[in-house]
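*Asks:* Sequence:
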Amino acid sequence: MSSKAAHKIGIVWFRQDLRLSDNPALKAAIAECEQVVPVFIDDPTDGTISSIGEASRAWLHHALASLAQSLEEHDNELLIRQGDPLTELEALLADTAATAVYWNRAYDPATKTRDSAIKSVLSESVQVISCNGLLLVEPWHLAKGDGSPYRVFTPFWRRLLAMLSEQDLKPLAAPRKGTLERRAKVTAKLAIADLGLLPERDWGESMMSYWAPGEKAAAKQLSRFLKQQVTDYDEQRDIPSVEGTSRLSPSLHTGEISARQVMFAIQSTGADITEKGTGIEAYAREIGWREFATHLIYHFPDTVSEPLDSRFSRFPWAPDNKTTRDKLQRWQRGMTGVPIVDAGMRELYATGWMHNRVRMVVASYLVKNLLIPWQRGEAWFRHTLVDADVASNVMGWQWAAGSGADAAPFFRIFNPVLQGEKFDKAGEYVRHWVPELDSVPNRFIHKPWELPKSDQPADYPSPLVDLKASREEALAAFSTIKLPQQQ
DNA sequence: TGAAATGTTGGGGCG
DNA sequence: ACGCCCCAACATTTC
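The opening position of the first sequence corresponds to residue 1 in this note's numbering, with each subsequent residue numbered one higher.
Be careful, since some hints might not be right.
Derived EDC-like pairs: lysine to aspartate or glutamate, alpha-carbon spacing no greater than 16 Å straight-line [claimed, not checked]:
no., residue 1, residue 2
1, LYS177, ASP46
2, LYS112, ASP46
3, LYS185, ASP46
4, LYS8, GLU181
5, LYS482, GLU235
6, LYS119, GLU88
7, LYS220, GLU235
8, LYS425, ASP438
9, LYS216, GLU73
10, LYS422, GLU181
11, LYS447, ASP466
12, LYS185, ASP309
Bear in mind the hints are in silico, worked out from the structure with no lab data behind them.
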């Protein structure tokens, strides 16, 4: 480090970017500071909708441990703080005499508001540098011809691909040995365990046994996926009993791997990512959906809690009473009596994750068969998913409810029996998560209620609602908010 | 990234 | 050989 460095000491505030490689804020800090002080701040009072749920916190615990380990290998140390981020940063600035703070930007409304308030206060005394470590292209760089934001995925994706073809996707290298060494002393240390991120019940432990958090594990998972599974991704990703998806969503959410790293790795396979019907194209498109979700939440911040399509604010949802809350609870616990729905909800609770095909099925069931507002489902997913991301979660639920941008029309109601028969033909997925149904023959595995009463498993509930009748009720409810026919 | 209802067509059984 | 009906298979429309 030369004496030409702009700052003696700079703070790098880690948030949703828990990695050393391809980290623009860290890279900038190393370039501009003699010493880097990395910190993570947990804000337990953050009651906003973007605050993370229990499953994500368990994941975060391990991701932080992994980041701390990596920093240690560079003779540095991840500082752990708890409290209001502004207060903690100010204290740390005083402690270290740092003169610069670096972080990577976030785009959900709550974080954006918090960050800009912090930036304006800190900027009075130190330099604040924020970078793009989350997105391929930031929301303000990508708009329709008339300057308004995209609301439809396909044109958005075309435009994004065009922009990517003109830019170098090569990720930033991880810091070289010796460039991160820190000697500055810091007082009042907390250990990661002090944050209480792990749930007290042993639920957290069994859930995390399905996962390998951390930057190195994510990189390994990506390269394995691209070597072995991506070829058949287009078809295999729809079959929940097969591990045909990348399972990188939690690592992407916590930032142990970046979208840029994923896209670069995709490109490096040499395959044409624009060739329709190929696994690689389908996979790249999923990265596009993540990008699209973040753009939507940036441009339409109210959609975090309100439907984008305002007709839905007068939708006649089921009343918030005991009966409805009971139905919601049975959905949450995987006790609806619909096998594919229950399998999905149990997979979610056990592993902190649910196969995406099944996410669509359980969402359609909650919103359309039970007529429960999508916000209830969104909240449960936020609480239980290790990959819970405000933007993706909200977009997914608004898609399922038919109230979002480029959403499935409300009348597109999934029939969970047909979905099961189509994507879980032999019932392997259902049997795995709903063992009560183990002995039900394939023909009835997705509709055990059609078995003669005496052959139905005694310990499995009968259906919460009739699928045909509830579908018709949903269509009737929808017809009340439809606009009069256009001339 | 639907499903159900409705419409159309064509082969085959049958009188 | 013909008309009629049934119904699968597919296409289109509607929700």
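*Asks:* Hint by hint, say whether it matches the structure.
*Replies:* Results of checking the hints against the structure:
For the suggested pair LYS177 and ASP46, the alpha carbons sit about 36 Å apart, so the restraint of at most 16 Å is broken. Pair hint LYS112 plus ASP46 holds up; C-alpha atoms about 13 Å apart against a cutoff of 16 Å. Of the pairs offered as hints, the one joining LYS185 and ASP46 is violated, with about 29 Å between alpha carbons and a cut-off of 16 Å exceeded. Restraint check for LYS8 and GLU181: the C-alpha separation of about 13 Å stays at or below 16 Å, so the hint holds.
Distance check on the hinted pair: LYS482 and GLU235 sit about 35 Å apart at the alpha-carbon level, beyond 16 Å; violated. A C-alpha spacing of about 13 Å is found between LYS119 and GLU88, which places the hinted pair at or below 16 Å, so the restraint holds. Between LYS220 and GLU235 the CA atoms are separated by roughly 23 Å; this puts the pair beyond 16 Å, and the hint is violated. Under the criterion of a C-alpha separation no larger than 16 Å, the hint pairing LYS425 with ASP438 is consistent with the structure, at around 14 Å.
Under the criterion of a C-alpha separation no larger than 16 Å, the hint pairing LYS216 with GLU73 is consistent with the structure, at around 13 Å. A threshold of 16 Å between alpha carbons decides the hint, and for LYS422 with GLU181 the separation of about 56 Å lies outside it, so the pair is violated. A hinted pair counts as satisfied when its Cα atoms are at most 16 Å apart, and LYS447 with ASP466 qualifies at roughly 11 Å. About 53 Å separates the Cα atoms of LYS185 and ASP309, which puts this hinted pair outside 16 Å; it is violated.
Hints 1, 3, 5, 7, 10 and 12 from the list above are not met by this structure, while the remaining hints are.
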